[in-house]
Amino acid sequence: METTPLIPQGVKRCSKLQFSLWMAAAGAVLLWGVYAMYLVWFKGLNQTNMNDAYGFALWIWADLAVIALGGGAFFTGFLTYIIGKDKLKNIINYAVIIGFICYSSALLILAIDIGQPLRGWFIFWHANVHSMLTEVAFCLSCYFAVLTIEFLPIIFENPKLDRVPFLHHLSHNMHRIMAVFAATGVFLSFFHQGSLGGVSGVLFGRPFAFREGINVWPWTFFLFTWSAAACGPCFTILVTWITEKLTRKKLVKDDVIQLLAKISGWMLATYIIAKIADTLYWAMVTAPSMGFSFMDFYSGNPVYGIWILILEIVICGIVPAVILITRKGREAKSLLMLGVVLAVVGVCVNRWVMILQMLAVPVVPFEEWFMYAPSWQEVATTILPVAYGILVISLAHRYLPVFPQERELNPTN
Amino acid sequence: MKEEHGDKHTKRYGMVIDLDKCTGCGACMVACYAENNVPFKKDETDKLDSLNWIRIFQLTNGKPYPDTEICYLPMPCQHCDGIGKHGHPPCVSVCPAIATDYDDSTGVVSQIPTRCFGCRYCMAACPYHARKFNWWDPVWPADTKKYLNPNVSTRMRGVVEKCTLCFHRYQQARDKAYLEGREEIYESEYQPACAQACPTNAITFGDLNNPDHAVFKLKNSPRAFRLLERLHTNPKVYYLSSKTWVRRAGDNYLENESRPKSNRQKIHS
Chain A
21 METTPLIPQG
31 VKRCSKLQFS
41 LWMAAAGAVL
51 LWGVYAMYLV
61 WFKGLNQTNM
71 NDAYGFALWI
81 WADLAVIALG
91 GGAFFTGFLT
101 YIIGKDKLKN
111 IINYAVIIGF
121 ICYSSALLIL
131 AIDIGQPLRG
141 WFIFWHANVH
151 SMLTEVAFCL
161 SCYFAVLTIE
171 FLPIIFENPK
181 LDRVPFLHHL
191 SHNMHRIMAV
201 FAATGVFLSF
211 FHQGSLGGVS
221 GVLFGRPFAF
231 REGINVWPWT
241 FFLFTWSAAA
251 CGPCFTILVT
261 WITEKLTRKK
271 LVKDDVIQLL
281 AKISGWMLAT
291 YIIAKIADTL
301 YWAMVTAPSM
311 GFSFMDFYSG
321 NPVYGIWILI
331 LEIVICGIVP
341 AVILITRKGR
351 EAKSLLMLGV
361 VLAVVGVCVN
371 RWVMILQMLA
381 VPVVPFEEWF
391 MYAPSWQEVA
401 TTILPVAYGI
411 LVISLAHRYL
421 PVFPQERELN
431 PTN
Chain B
-12 MKEEHGDKHT
-2 KRYGMVIDLD
8 KCTGCGACMV
18 ACYAENNVPF
28 KKDETDKLDS
38 LNWIRIFQLT
48 NGKPYPDTEI
58 CYLPMPCQHC
68 DGIGKHGHPP
78 CVSVCPAIAT
88 DYDDSTGVVS
98 QIPTRCFGCR
108 YCMAACPYHA
118 RKFNWWDPVW
128 PADTKKYLNP
138 NVSTRMRGVV
148 EKCTLCFHRY
158 QQARDKAYLE
168 GREEIYESEY
178 QPACAQACPT
188 NAITFGDLNN
198 PDHAVFKLKN
208 SPRAFRLLER
218 LHTNPKVYYL
228 SSKTWVRRAG
238 DNYLENESRP
248 KSNRQKIHS
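In order, the protein sequences belong to chains A and B. Under my numbering, the first residue of the first sequence carries the number 21, and numbering increases by one thereafter. Under my numbering, the first residue of the second sequence carries the number -12, and numbering increases by one thereafter.
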């Protein structure tokens, strides 16, 4: 009897033993995170180093960061299916899988973060339409559903599953209407990426984060969407590069990577101009009207100096933008990767300051700066999604035809 | 001032705390703990995860002896009216599950612990750190459980709580007035525990919109100020101090600002 292999035909994969050891290592880290998650769920948030000054901390940063990094899925989908950049079809599968991992991680972190996890559904049932967090919850959940729908046909392309006629045809038909889901994803992403920016931007009691804007949307609403569209694809490129290094194979052609990098670069360049304008207006108009000088936010504490703003805007904003918009920068692999890494770090720093530094700044004049270091349980549960991501990517790469160009780039004969 | 608290025909309960009278004794805190069944930890050294609906800050003018001056500042929830006149405090609109509420008829910002699922967005929104999270389940040592106030529900781990201006007392006063055929309640009928417990009468409580209530006049005193007025939080807790450095300590100012530029003063000028 003929048996269909689990691994796609025409591609090389490591031995079962090697794969098992790799999965066991990632699984061990995952279990460490699961144990910390168990402690938090059963003993409560007293397992963390959060306090009444730090209601938001490492987890909310991780949430914002993974959602921004997962932005590669919606923006690459937008470029591929809506704008018609066909070349990006060679990386869209991976962008979707990375997005799926990021968004499922974000939902898991949120479930750990709330004080009463069993009441998590209240956000839908008792929804306050005026809250940015409600918008985040709805759009995030809906978009996660969209990502799942986008991921399913890739799973159905596994050789064994593809032999099932129903799944084969379902996968084929889903591919045909994928533009509809991509458009839905773009619409939902615009709102949840934006509302995540709005979470801190609307806080008029927090001069560090508060921004004016248009109607109910503060400028951070637009800046968060913009930065996610710029830096999300950079994360996709980075993970692709790491995967290539680990598997010692070329998986995506350079012209595909460079096209995505070029678009990312221009998004980043325009974003950073908008970010600088926003920072200048905030520093010169918004904050002074609340009685704060610009340097009040960057002095008088052991951590948050002006260096963090320079890191975010210059080193991780202007520099990668310049690298990625120039042909020489994109064509030199080391420069390209430097630009990509800096962009990823930049968006993570932005999310950090908008949550952690916002809460560190003393607003009542007779209070001091509030400092915070996460507990091991917070760190472990934040690393958990990384281990989970490694497991999902490893399984996907081994058993699914994720990279359409892999066979061409790595002929087996 | 009354324009800042909405329609003058509606009630806007608030308090005026005379810092010239406050000795920092902490009676208000003790009364609040007892009245509202606020739990406490075995070790209360770390105040950042303590449950307290009213805290007392010690302020100093920063000058060396013999010019050193000290001021004690009790800080409950400021029950902000927020931007506009329709009740938009920093914490209420952000709550994703409507677990915190602005009562239009009284101006009281309340918390619904059974609705709260502990996202703590309201805590991030409040610049006064008036909102407290139950990091632990409440523990009532020995027989103290018997002394809990039956009119106030205890809260569980994982939810936010805060000062309610002893709203249960308002409800009791309303019930009493109804039974006696009155539409209005007397000023003395609704007083929070902290105001009643203060031995120096530093805390005065009442309807900020009612000219017959003491707070109506006190809030217009030249000694009056509010905390962080420049943020447009529009608090209903006023402070009185005869000392300029204390009034100035209530808000943030740029180095080149020689005198406070608050909304309140803008309205008066």
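There's no promise every hint is true.
Stated by the list, open to error - When the alpha-carbon atoms are kept at most 25 Å apart in a straight line, the in silico BS3-like pairs for lysine-lysine are as follows: (1) A:K348 with A:K282; (2) A:K63 with B:K204; (3) B:K163 with A:K63; (4) B:K28 with A:K63; (5) B:K163 with B:K28; (6) A:K63 with B:K230; (7) A:K36 with A:K353; (8) A:K353 with A:K270; (9) A:K63 with A:K269; (10) A:K32 with A:K105; (11) A:K32 with A:K270; (12) A:K32 with A:K282.
Said to hold, decoys possible - Covered stretches of chain A, as calculated for chain B (at least 3 residues, CB under 8 Å): (13) 59 to 69; (14) 108 to 118; (15) 222 to 231; (16) 342 to 356; (17) 378 to 387.
Quick caveat, the hints were computed from the structure, so don't treat them as lab data. Each residue gets a CB set at the ideal place from its N, CA and C atoms; glycine is no exception.
Verification of the hints:
no. : hint               : verdict
1   : A:K348 with A:K282 : holds (11 Å)
2   : A:K63 with B:K204  : violated (50 Å)
3   : B:K163 with A:K63  : violated (43 Å)
4   : B:K28 with A:K63   : holds (16 Å)
5   : B:K163 with B:K28  : violated (36 Å)
6   : A:K63 with B:K230  : violated (47 Å)
7   : A:K36 with A:K353  : violated (32 Å)
8   : A:K353 with A:K270 : holds (13 Å)
9   : A:K63 with A:K269  : violated (45 Å)
10  : A:K32 with A:K105  : violated (29 Å)
11  : A:K32 with A:K270  : holds (12 Å)
12  : A:K32 with A:K282  : violated (31 Å)
13  : 59 to 69           : holds (count 3)
14  : 108 to 118         : violated (count 0)
15  : 222 to 231         : holds (count 6)
16  : 342 to 356         : violated (count 0)
17  : 378 to 387         : holds (count 7)
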